[in-house]
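Visitor: One-letter residues, chain by chain:
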Amino acid sequence: MDVKIANTTQSILNKFPQKDKSNLIQILQAVQEKDSFLSPEAIGRISEHLRVSRSYIFGVATFYSQFKFNPPGRHSIRICLGTACHVQGGDFLLNAIKSELDISTGETTEDGKFDLDRVACLGCCALAPVVKIDNTIHSRMSVIKLKEILDGYE
Amino acid sequence: MNNFETIQKKAINEWQSLQENPEPVIYIGMGSCGIASGADRIWKQVHETISKEKIKAKVLKVGCIGPCYLEPLLDIQKPGFPRFSFNNVDEQKTIRLLTEFLNGEESKLKPLGHLDSQRKEIDGIKSFWDQPMLKNQERIVLRNCGIIDPENINHYIARDGFKGLLKALNIGPEGIIDEIKKSGLRGRGGAGFPTGLKWQFCREAKGKLKYLICNADEGDPGAFMNRSLMEGDPFALLEGMVIAAYAIGANTGYIYIRAEYPLAIERLKIAITQMNDLGFLGKNILNSGFSFEIRLKEGAGAFVCGEETALIASIEGQRGMPRSRPPFPATSGLNGNPTNINNVETLATVPNILREGGNWYAGFGTKTSKGTKTFALVGKVRRAGLIEVPMGTTLRKIIFDIGGGPIKPFKAVQTGGPSGGCLSEEFLDLPVDYESLTQAGSIMGSGGLIVMDEHTCMVDVAKYFLKFTSQESCGKCVPCRIGTTRILEILEKITQGKGEIKDLEILENLAHTVKNGSLCGLGQTAPNPVLTTIKYFKEEYLEHIENNRCPAAVCRDLVEYRVIKEKCTGCQRCVNVCPTGAITGPRSEPHNLDLSKCIKCRACYEICRFDAIAGDAIVIE
Chain A
1 MDVKIANTTQ SILNKFPQKD KSNLIQILQA VQEKDSFLSP EAIGRISEHL
51 RVSRSYIFGV ATFYSQFKFN PPGRHSIRIC LGTACHVQGG DFLLNAIKSE
101 LDISTGETTE DGKFDLDRVA CLGCCALAPV VKIDNTIHSR MSVIKLKEIL
151 DGYE
Chain F
1 MNNFETIQKK AINEWQSLQE NPEPVIYIGM GSCGIASGAD RIWKQVHETI
51 SKEKIKAKVL KVGCIGPCYL EPLLDIQKPG FPRFSFNNVD EQKTIRLLTE
101 FLNGEESKLK PLGHLDSQRK EIDGIKSFWD QPMLKNQERI VLRNCGIIDP
151 ENINHYIARD GFKGLLKALN IGPEGIIDEI KKSGLRGRGG AGFPTGLKWQ
201 FCREAKGKLK YLICNADEGD PGAFMNRSLM EGDPFALLEG MVIAAYAIGA
251 NTGYIYIRAE YPLAIERLKI AITQMNDLGF LGKNILNSGF SFEIRLKEGA
301 GAFVCGEETA LIASIEGQRG MPRSRPPFPA TSGLNGNPTN INNVETLATV
351 PNILREGGNW YAGFGTKTSK GTKTFALVGK VRRAGLIEVP MGTTLRKIIF
401 DIGGGPIKPF KAVQTGGPSG GCLSEEFLDL PVDYESLTQA GSIMGSGGLI
451 VMDEHTCMVD VAKYFLKFTS QESCGKCVPC RIGTTRILEI LEKITQGKGE
501 IKDLEILENL AHTVKNGSLC GLGQTAPNPV LTTIKYFKEE YLEHIENNRC
551 PAAVCRDLVE YRVIKEKCTG CQRCVNVCPT GAITGPRSEP HNLDLSKCIK
601 CRACYEICRF DAIAGDAIVI E
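Chains A and F, in that order, give the protein sequences.
This note's numbering numbers the first residue of the first sequence as 1 and each following residue consecutively.
This note's numbering numbers the first residue of the second sequence as 1 and each following residue consecutively.
Any given hint could turn out to be false.
As the list claims (entries may be wrong) - One-sided and incomplete, this derived list gives chain A residues near chain F with beta-carbon spacing under 7 Å:
| no. | residue |
| --- | --- |
| 1 | V52 |
| 2 | Q66 |
| 3 | K68 |
| 4 | F92 |
| 5 | A96 |
| 6 | C124 |
| 7 | C125 |
| 8 | S142 |
Unchecked claim - Stretches of chain A that chain F covers, calculated by requiring three or more beta carbons in the stretch to come under 8 Å of a beta carbon on chain F:
| no. | region |
| --- | --- |
| 9 | 17-30 |
| 10 | 109-119 |
| 11 | 128-137 |
These are calculated hints, taken from the structure and not from any lab test.
We treat Cβ as the ideally placed atom computed from N, Cα and C, and that holds for glycine.
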């Protein structure tokens, strides 16, 4: 087992009572915050701590779009596909970026630079279309502007 | 209650001395949307300039005042003057404002308006509230947004904060429920159930342990009312929660909030700590003997969790799947205990009703829909942003008078998110209230209003929503799980030019089955976008089916990109951006576009419009 992941997971689990599965989502969120994704090792540890099966945990985790099961890239690109963004061309951004990076949503580029996903709405609808890269929201995007911004990332 | 008076006196002093500050005060609108338009850069620039120029000034962050199209907004309050607002500020403008404007030099930089409580002209500057987007609004729940520092409880208290709570504690639970009933307040999450009645059910339910839940899982794409409210005035929501909890007899409350709203979460956390410190939350609130604590639960991204039974399941740590009702949460909710669930806006309205009285609130709005409602006015509209208007305001007034209308001819307005419908021009004079919208085939929803113009394809919009609902369907009941998928498949067929006339009939049949047969609100309303677009925009469906044409030039399979030889100057900008090498041609000669290589990514179209010499040589038809 990956020692680092096991240690961070254990330090998170120590903050939550054992066998109380009502904290499952919060635990998953905390683990993902630290490791950037949910590894099989981490899920095993959570399963032991809460005394619920791994399949139960996977059932809950896969239900919510927030949880990732693959290691992410160095930078995460989130294309907003809320209604306002859709009407203002969010779909074109997604398609253009898919062909530019040659990956699909939920995937990471081969060089590990970017991972790509869609998001239902970031709540910045008046500035549509918007794209979130890491923690920065870029407003009033266009295919060209987005390509220029991506060029600036290492 | 002497304690409250002391706290209040101190808060009012702090607020007043801020207004009369002997040094300039700079306010920066720092909601998520303000930050996205660059307010954080302005924040940095302000600090840089005042330290470089040795300017003595106070700098504060405030929430969003609503007109997103004017962001970033920066207000400057010079000693002896009210706050003057400057719009669309960038770094350069910030530097000039801090040097020229602050020094009183004659400057070309004129403020857009002032924020004095009096609306009269000051120094030749009109009131900010007389801006076209703001003058027709009635701000009750948004009254503090953009005005106060959302991270300072004293600002909230100085502006009549917690007076509603004080009154609530005096008149007791029954008195509160009576007052809410008198106000006519209905659930602002969209369904419009009378709030007073809901509280009464939960109060009367048997059980010692009761819960209050605030639904802050604003899942409708295209809506951000709750985010803006929580970021701009978190105290209003929390005060409303304390009042509601006291009325129903709950000692524990949850705020179920989307993880996509990190700033709102942070500001709520700060507000909860400050309220605990002053005794507005926690044990023995204001010496009343009533205790209440609030916990934050972050949602993990599932639209269906806006449904109350699914939301409860999610708080319990399970998959967010709805269950059939009854029993309603009022009798058996969280962990089997009586639970009351209200939307953010509903709860944030409550302190105002208690403070000013139910009759006062009922003075706004229509006969059946009382009070005001916030809307996120977005899409193809000149003045986009967050607004609050009395119920019964017409769509025309909202879209054209407040929003300034679309630049291209108006086509439709979408209300109620994925559960709502698209209304055509003939409905523009419809008063916006719960009943009128339902009658037209749409719903009030939580308050997203998305304006569409002739560049929006209505079939594509229907497809967009069904893609969303089919992905977000929890999969528990068959009509919703399979029905939405089948509807989506037919819509995809039509947008690819493979549709048949009989598809329209199948669509309508399927839509009614899903509507009638689904377990929860998600499935019961998911077909609304399809039904309304077929009803009001049938000719667009027919154009796709019969002529394989998308009139709005949106559906990718039905359009082609073309270079107009007469217009093309051969500047090669498009050649450089084309990712597949579909466009070729030597400099200064009209370019060629090879359709077999074109992936319709739009890069050439955009660069031609904004960067190239010709500007309109590439068309999508």
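Visitor: Hints first: check each against the structure and report whether it holds.
Guide: Here is how each hint holds up against the structure:
Contact between A:V52 and chain F, as hinted, is not supported at the beta carbon level, the nearest pair being about 9 Å apart and thus beyond 7 Å. Interface hint at A:Q66: satisfied, since its Cβ lies 4 Å from the closest Cβ of chain F, which is below the 7 Å cut-off. For A:K68, the interface hint is violated, since its Cβ never comes within 7 Å of a Cβ in chain F; the closest pair sits about 11 Å apart. Because the closest C-beta pair between A:F92 and chain F is about 5 Å apart, less than 7 Å, the hint holds.
Restraint check, A:A96 versus chain F: the minimum CB separation of about 4 Å is within 7 Å; hint holds. Evaluation of the A:C124 hint against chain F yields a held restraint, the C-beta minimum of about 5 Å falling below 7 Å. For the restraint placing A:C125 at the interface with chain F, the shortest Cβ-Cβ distance is roughly 4 Å, inside the 7 Å limit, so the hint holds. Of the supplied interface hints, the one on A:S142 holds, with its beta-carbon coming within about 5 Å of a beta-carbon of chain F, less than 7 Å.
For the region 17-30 of chain A, the stated coverage by chain F is satisfied: 8 residues place a CB nearer than 8 Å to a CB of that chain, which reaches the threshold of 3. With 1 residues carrying a beta carbon less than 8 Å from a beta carbon of chain F, the region 109-119 of chain A misses the three-residue requirement, and the given coverage is violated. Only residues whose C-beta sits within less than 8 Å of a C-beta in chain F count toward coverage, and the region 128-137 of chain A has 3 of them, enough to reach three; the restraint holds.
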